[in-house]
Amino acid sequence: MPAKLPNLATRKAAARRPSGGMSPLEVEAIDFFISFVRLLGMPKSVGEIYGLLFASPEPLALDALMDRLHMSKGAASQGLKVLRSFGAVRTVYVPGDRRDHYVADFELSKFASAFIKEEVQPHLDSGAARIARMEQHLAKLPKAERDAASARLAKLRHWKEKGEAMLPWLLKFLGA
6 MPAKLPNLAT RKAAARRPSG GMSPLEVEAI DFFISFVRLL GMPKSVGEIY
56 GLLFASPEPL ALDALMDRLH MSKGAASQGL KVLRSFGAVR TVYVPGDRRD
106 HYVADFELSK FASAFIKEEV QPHLDSGAAR IARMEQHLAK LPKAERDAAS
156 ARLAKLRHWK EKGEAMLPWL LKFLGA
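Residue numbers for the sequence shown, in this note's numbering: 6 to 181.
Derived from the structure by calculation, the hints contain no laboratory data.
Note that beta-carbon positions come from the ideal geometry of N, C-alpha and C, so glycine has one too.
Possibly wrong hints are sitting among the right ones.
[As the list claims (entries may be wrong)] Keeping only pairs whose Cα atoms sit at most 25 Å apart, straight-line, the calculated DSS-like set for lysine-lysine is:
(1) 49 with 86
(2) 167 with 115
(3) 49 with 115
(4) 165 with 145
(5) 122 with 86
(6) 165 with 115
(7) 177 with 167
(8) 145 with 160
[Stated by the list, open to error] Distance ranges between label pairs, derived from CB positions:
(9) 173 with 138: 18 to 28 Å
(10) 127 with 178: 18 to 28 Å
(11) 145 with 90: 39 to 49 Å
(12) 96 with 154: 42 to 52 Å
(13) 144 with 174: 33 to 43 Å
(14) 41 with 140: 28 to 38 Å
(15) 140 with 77: 39 to 49 Å
(16) 26 with 159: 54 to 64 Å
(17) 154 with 97: 47 to 57 Å
(18) 49 with 114: 45 to 55 Å
Kindly generate the complete structure, drawing on both the sequences and the hints.
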C-alpha cells in the first residue's frame, strides 16, 4: 500500500515543534522504546529509531531519521539493519521519491520472536558445550573446590534446561 506524502501543513507543523521537530508523543515513544531495547541489551539507537517510526504519522527516509534524531548515518543504518532483521520495521514506497522510507511494524510479537530465535536461542544452544567444558575443568579441581563448583554447575545446568523448556512455550505464546 503506497504511503501518503506529508502535506505542506504537516511539514510546517513539524518544523515548529520543539526537540528537533518532534512532538511530545514522539519524544515519549522514543524514550519508551529506548528503555525496552536496553532491557534486551541492544543499542540506544535501535530504540530511538523504532520509537520515532512508531509515533510518526508518515514513513521516514534515512536522512529524516538522522536529522530528527541527531544521529550519524552509520548509527542510523546499523539501527535500521537490526530492526529490519527482527521484522520490526519495513520499507515502503513513497510515490515521487527514490529513497527508501521506513515504517514501524506494530506486531511487536514478530520482533520478540525474532530476538528470541536469533539472540537467546543461540546462547542456550552454545550453553551445552560451555557446560561440558566447565565439567572438564571441574574434574581438575581439588576435592574441596570441586564439591562447591559442582553444586553451582548443577544449578547452571538446571537454569539452562528451564530456559530451553520455556522458549517453545514463549514462542507459541507470541504466535511465532
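(request) For the pair supplied as a hint, residue 165 and residue 115, confirm whether the alpha-carbon distance does not exceed 25 Å. (result) holds, 24 Å
(message) Given a hint of 42 to 52 Å, does the C-beta separation of residue 96 and residue 154 actually sit inside it?
(response) Holds: the Cβ-Cβ distance is about 51 Å, inside 42 to 52 Å.
(request) Indicate whether the distance between the beta carbons of residue 41 and residue 140 respects the range 28 to 38 Å. (result) Cβ of residue 41 to Cβ of residue 140: about 37 Å, so the range 28 to 38 Å holds.
(message) Just to be careful, I want the Cα atoms of residue 145 and residue 160 compared with a cutoff of 25 Å; is the pair within it?
(response) holds, 19 Å
(request) Decide if the proposed pair is consistent with the structure: residue 49 and residue 115, CA atoms, cutoff 25 Å inclusive. (result) This hinted pair holds, its Cα atoms lying about 20 Å apart.
(request) With respect to the beta-carbon atoms only, verify the hint that residue 140 and residue 77 lie 39 to 49 Å apart. (result) holds, 45 Å
(message) For residue 177 and residue 167, compute the direct alpha-carbon distance and say whether it is at most 25 Å.
(response) Roughly 16 Å between the alpha carbons, so the hint for residue 177 and residue 167 holds.
(message) residue 49 and residue 86 were given as a pair; does the straight-line alpha-carbon distance stay at or below 25 Å?
(response) Holds, at about 14 Å.
(request) Please work out if residue 122 and residue 86 have their alpha carbons no farther apart than 25 Å. (result) Holds - the C-alpha atoms of residue 86 and residue 122 are around 17 Å apart, at most 25 Å.
(request) Can you let me know if the beta-carbon spacing of residue 144 and residue 174 is within 33 to 43 Å? (result) holds, 35 Å
(message) Given the hinted pair residue 167 and residue 115, is their Cα-Cα distance within 25 Å?
(response) holds, 23 Å
(request) Note whether the CB distance of residue 154 and residue 97 lies within 47 to 57 Å or breaks it. (result) holds, 54 Å
Hint compliance for this structure: hint 18 alone is broken.
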